[in-house]
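Put together the whole structure using the sequences plus the hints.
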Amino acid sequence: MEKNIEKHENWSMIIKPKRHIFEVNLKELWNYRDLIGLFVRRDFVAKFKQTILGPLWFIIQPLLTTLMFVVVFGNIAKLSTDGLPQVLFYFSGIVGWTYFSTSLTATSNTFVTNANIFGKVYFPRLTLPISVVISNLVQFVIQFLFLVLFMIYYKIIGVDFGPNIYILYLPFLVLLLAGLGLGFGIVISSLTTKYRDLTYLVAFGVQLWMYITPVIYPLSSLEGIYRKVVLLNPITPIVEAFRYVLLGTGSFDYSHLLYSTIFMIVILFVGILTFNKVEQSFMDTV
13 MEKNIEKHEN WSMIIKPKRH IFEVNLKELW NYRDLIGLFV RRDFVAKFKQ
63 TILGPLWFII QPLLTTLMFV VVFGNIAKLS TDGLPQVLFY FSGIVGWTYF
113 STSLTATSNT FVTNANIFGK VYFPRLTLPI SVVISNLVQF VIQFLFLVLF
163 MIYYKIIGVD FGPNIYILYL PFLVLLLAGL GLGFGIVISS LTTKYRDLTY
213 LVAFGVQLWM YITPVIYPLS SLEGIYRKVV LLNPITPIVE AFRYVLLGTG
263 SFDYSHLLYS TIFMIVILFV GILTFNKVEQ SFMDTV
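Numbering (the numbering used here) for the sequence shown: 13 to 298.
Hints are not guaranteed to be accurate.
Quick list of the computed label-pair ranges, beta carbon to beta carbon [to be verified]:
{"hint": "1", "residue 1": "V150", "residue 2": "S263", "range": "25 to 31 Å"}
{"hint": "2", "residue 1": "L187", "residue 2": "L50", "range": "21 to 27 Å"}
{"hint": "3", "residue 1": "R53", "residue 2": "N87", "range": "40 to 46 Å"}
{"hint": "4", "residue 1": "A215", "residue 2": "S92", "range": "25 to 31 Å"}
{"hint": "5", "residue 1": "F281", "residue 2": "Q73", "range": "30 to 36 Å"}
{"hint": "6", "residue 1": "V84", "residue 2": "Y266", "range": "31 to 37 Å"}
{"hint": "7", "residue 1": "K132", "residue 2": "L161", "range": "42 to 48 Å"}
{"hint": "8", "residue 1": "N126", "residue 2": "W69", "range": "21 to 27 Å"}
Heads up, simulated EDC-like pairs for lysine to aspartate or glutamate below, C-alpha to C-alpha not over 20 Å straight-line [said to hold, decoys possible]:
{"hint": "9", "residue 1": "K90", "residue 2": "E235"}
{"hint": "10", "residue 1": "K289", "residue 2": "E40"}
{"hint": "11", "residue 1": "K132", "residue 2": "E235"}
{"hint": "12", "residue 1": "K167", "residue 2": "D94"}
{"hint": "13", "residue 1": "K132", "residue 2": "E40"}
{"hint": "14", "residue 1": "K240", "residue 2": "D265"}
Source of the hints: derived by calculation from the structure; they are not laboratory data.
We treat Cβ as the ideally placed atom computed from N, Cα and C, and that holds for glycine.
See below:
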């Protein structure tokens, strides 16, 4: 008995079940940072394995979407772009929105797609959704650099726009997008362990969500009840501020951004609680 106790005291790690849903071991997540890095690499490689163009799809997809928006919403529907060139207006909105939407949809399948791993080895389950958000950040950076090239081109040809001092808030805006995508994603991921059809609703819902986000139109073009409805969307102030800090058009409202920040904190809190609760028994239902 004494030998067992002595041996137990020499263990470097003790795996115990979570006692309550409020438990979040940030130190443990930090200790598994190398695993998060491996998951990021796995996601990046798996996404473009056996593809012809590989990472070029990071650029091709938003470019084709921008072209479609220019034709449909810019030339046919004649929607306002706040005086910006259509390509700059649409592409800037797409870059920010894509980071949020891909983070949400990818993390929403965490439990289902990784059930085989969860059933074989222990590691903090939150490492997977966190790795998804980080891997999507790589995609965001590539698309953002391409946006900068567009900005340089239009500056050279004499278009009047430009970044301002508020560009210092850019990392904070990206953090808000990441937090909201992670929060919504892990809530949905927890629910899909029992209700698989939510996966289909997520894809459809995200598409509809974009239309109540000022990606294809500026917030300044809305009035009355429509403006109020769009401002209830926590992504709206972020996309508007994203355009403002880079291009000088749009709006940068501290009260609206405070709303998005509080919303992010709340949805992350709810997401982690739901995740912890489902984690204790999800292998019985997944």
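Tested hints:
In this structure, V150 and S263 meet the distance hint of 25 to 31 Å, their C-beta atoms being roughly 29 Å apart. The hinted range of 21 to 27 Å is satisfied by L187 and L50, whose Cβ atoms lie roughly 23 Å apart. About 41 Å separates the C-beta atoms of R53 and N87, a value consistent with the hinted range of 40 to 46 Å. Judged by the Cβ atoms, the range 25 to 31 Å given for A215 and S92 holds: they are separated by roughly 29 Å.
The hint said 30 to 36 Å for the Cβ distance between F281 and Q73, and at roughly 32 Å that hint holds. In this structure the supplied range 31 to 37 Å holds for V84 paired with Y266, their Cβ-Cβ distance being about 34 Å. Separated by about 44 Å at the C-beta atoms, K132 and L161 satisfy the suggested range of 42 to 48 Å. Restraint check, N126 to W69: a C-beta distance of roughly 23 Å satisfies the suggested window 21 to 27 Å.
With a CA separation close to 18 Å, the supplied pair K90 and E235 stays within the 20 Å bound. As the CA atoms of K289 and E40 are separated by approximately 18 Å, the hinted pair is consistent with the 20 Å bound. Straight-line distance between C-alpha atoms of K132 and E235 comes to about 54 Å, which puts the hinted pair past the 20 Å bound. Distance check on the hinted pair: K167 and D94 sit about 17 Å apart at the alpha-carbon level, within 20 Å; holds.
For the given pair, K132 sits about 19 Å from E40 by alpha-carbon distance, which is consistent with the 20 Å threshold. Proximity of K240 to D265 is assessed by CA-CA distance (about 14 Å); at most 20 Å being required, the pair is judged to hold.
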